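*Asks:* The chain contents come next:
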Amino acid sequence: MHTLSCRYVIVGIVLLAFFGCRTTYDARRTPAEELQSEGRIVFVRPDRYSLFGTRSIRDYIEITYEQISVNEAGYPVLTVGLRNRGGQHFWDTKGPDVQLSVQTAFYNKPIQPDGAASGPALYHTNWQTVKLVRGQTSDYKVACPIKGANHYQMTISEYLK
Amino acid sequence: MFNKLLLLKVAMKIKMSVVLCVSVGSIMLGGCATPVDTTPSHTRILAPDQDDEIAGSFIDSSDIRTIAQQMCTELLTLPEVSESPDTVRIATEKIRNSTRYMIDTNLLLRRLRLELNKYSQGQVRFFAQGSGQAARTRILKEREQTRVQKAIDDVASFIASSDLVQNSEKPVRLAVVPVANTNLFNMNADSFASLLRTKIKDHAGAKVLFAKAGSDAQVDYTLTGEFFVESIKREGVANTVEDLKWAQENPNKWYADPNYSPGSTVYGTQINLDGSIRRRIKVGPNITYKLIDPALWNSPNLTKKFNVMLVNNEDMAVLEKVVNLEEQIKSGQERANYILTGDIASLSRARAGQRSDYVLVSLYLIDPVSNEMLWEYGYEVKRVTSRSVLYR
Chain A
764 MHTLSCRYVI VGIVLLAFFG CRTTYDARRT PAEELQSEGR IVFVRPDRYS LFGTRSIRDY
824 IEITYEQISV NEAGYPVLTV GLRNRGGQHF WDTKGPDVQL SVQTAFYNKP IQPDGAASGP
884 ALYHTNWQTV KLVRGQTSDY KVACPIKGAN HYQMTISEYL K
Chain C
304 MFNKLLLLKV AMKIKMSVVL CVSVGSIMLG GCATPVDTTP SHTRILAPDQ DDEIAGSFID
364 SSDIRTIAQQ MCTELLTLPE VSESPDTVRI ATEKIRNSTR YMIDTNLLLR RLRLELNKYS
424 QGQVRFFAQG SGQAARTRIL KEREQTRVQK AIDDVASFIA SSDLVQNSEK PVRLAVVPVA
484 NTNLFNMNAD SFASLLRTKI KDHAGAKVLF AKAGSDAQVD YTLTGEFFVE SIKREGVANT
544 VEDLKWAQEN PNKWYADPNY SPGSTVYGTQ INLDGSIRRR IKVGPNITYK LIDPALWNSP
604 NLTKKFNVML VNNEDMAVLE KVVNLEEQIK SGQERANYIL TGDIASLSRA RAGQRSDYVL
664 VSLYLIDPVS NEMLWEYGYE VKRVTSRSVL YR
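Just so you know, the protein sequences line up as chains A and C, in that order.
Each number in the numbering used here corresponds to the 1-based position in the first sequence with 763 added.
Each number in the numbering used here corresponds to the 1-based position in the second sequence with 303 added.
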């Protein structure tokens, strides 16, 4: 009985050892539902969380408008109104100034229904800094030097550090 | 006894369980081990737009990238660019830095060029100002050598096929006289004359006879010519006689080249125009004079031509032909449609360990003919830092 249990233990250990010996693992694919639910303007999750309060950009920034147009030379121009609405909670003892990093990707196909899975962007801007003092609305404008890339997704993050 | 046996069994079971747990735990933890650290020591790789946390109140890499990105589309949108049927060529001028910071202002132009060359699809082109020019000069000079051979061949063919030679009943007798202004090219005139003579003989055959060099034989025509440049300024040194005369009249504009062989020189004494200094000078045939004024150096960068002449016994040129021997190496900027330049200015303040800078970057496009600014772009940023670094 004792010998049998020892054998089982040894076999189990050997099997477990083989479990840890794979060289590669399949990458996780972003679920299609997740991509489909993304809009044209998205906020990145905060870099860290606090026990009290929130660092979520959505709590401080709101979008007042978004417009996509084509200029006289045929290049798409995106203008988005970004407003710093100040602190909205009792723990916000003052309305903070906010510094954002914004990157825009331009596509030649609509973001929906496939979301970012529709393919690679034709053009990416760099991460541009937008500074908003309390109550300020910035008419953030970005143009794309490729004609026909009239669809976009704008990603807004706190200032990249 | 029975209790002892029981206790022993329990102890064995516990022991086995512990061993099993430890083994399994080790294996599981071994599978969770953190991978080998591949980051360079004391170094973090950042995205180009990322803040490096070194602080400073001047512009950063993300500002330069933002300026390039915004300017690229604005430039491509200009009617002068978007509606131009031809490629728009832009010459750049160094951006002026009016701030107290040391910055390579060409970084901005380079980043903008990257964007435009990538996205303009050939609509906008820049000149290689300062880049690859040494290799370019070498390539063009080597191509010229091939052209010289062809030019000599063309001249020889022209002479051999002329009516003077073809319609003559007897072989045409020619004497070769050294060509003028060979010092302009720093060229061996004897070699040039020999090459030309050989080619003429190749083309004309028995229809042409050459007199021996230096002989007094009766000839029908003299083969001569002169080199000249396409310029109305005095370029290089004309010939030995004029060299000496000019050298004597302009003693503060030349000095002897120390690299020549002294065997063929003649020494003399030069008194300066102000009479203050006497110095011994070296003059002689085929001497290269290095001139202090670079505009008068030998072999100036100009288009050089050769005018070949057949001169009759009345000293009249009966046949002439001009050929290009060397083309001026141009920068190409004569074809520039616009000039792109700008300046960076800042307003700086400091107090109690804090420093702030308001920076304004302006770039503009200038029409070189009308001298008008037809477009201007501005980028402004203000930063304050409590880390007071000398150059940021």
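Read the hints as simulated data drawn from the structure, not as lab findings.
On a predicted model such as this, the values are computed, not experimentally measured, just so you know.
Hints are supplied without guarantee of correctness; some may be wrong.
Not everything, but these chain A residues come out facing chain C in the computed CB check (under 10 Å) [claimed, not checked]: (1) C769; (2) I804; (3) F806; (4) I831; (5) N834; (6) A836; (7) G837; (8) N889; (9) Q891; (10) S901; (11) A906; (12) K924.
Within a straight-line C-alpha distance of at most 25 Å, the following computed DSS-like cross-link-like pairs (lysine-lysine) qualify [what the hints assert, rightly or not]: (13) C:K608 to C:K504; (14) A:K924 to C:K453; (15) C:K685 to A:K894; (16) A:K910 to C:K504; (17) C:K444 to C:K510; (18) C:K624 to C:K453; (19) C:K453 to A:K904; (20) A:K894 to A:K872; (21) C:K473 to C:K421; (22) C:K473 to C:K504; (23) C:K421 to A:K904; (24) C:K397 to C:K453; (25) A:K872 to C:K421.
The calculated label-pair distances, taken between Cβ atoms and stated as ranges, are [what the hints assert, rightly or not]: (26) A:F853 to C:E675: 38 to 44 Å; (27) C:E679 to A:D822: 50 to 56 Å; (28) C:E386 to A:E797: 53 to 59 Å; (29) C:Y661 to A:E797: 52 to 58 Å; (30) C:G425 to A:E835: 18 to 24 Å.
Think of the CB as a built atom: it goes at the ideal place given N, C-alpha and C, for glycine as much as any other residue.
*Asks:* Which hints, by number, does the structure contradict?
*Replies:* Hints 2, 3, 4, 10, 14, 16, 17, 19, 20, 21, 24, 26, 27, 28, 29 contradicted; others consistent.
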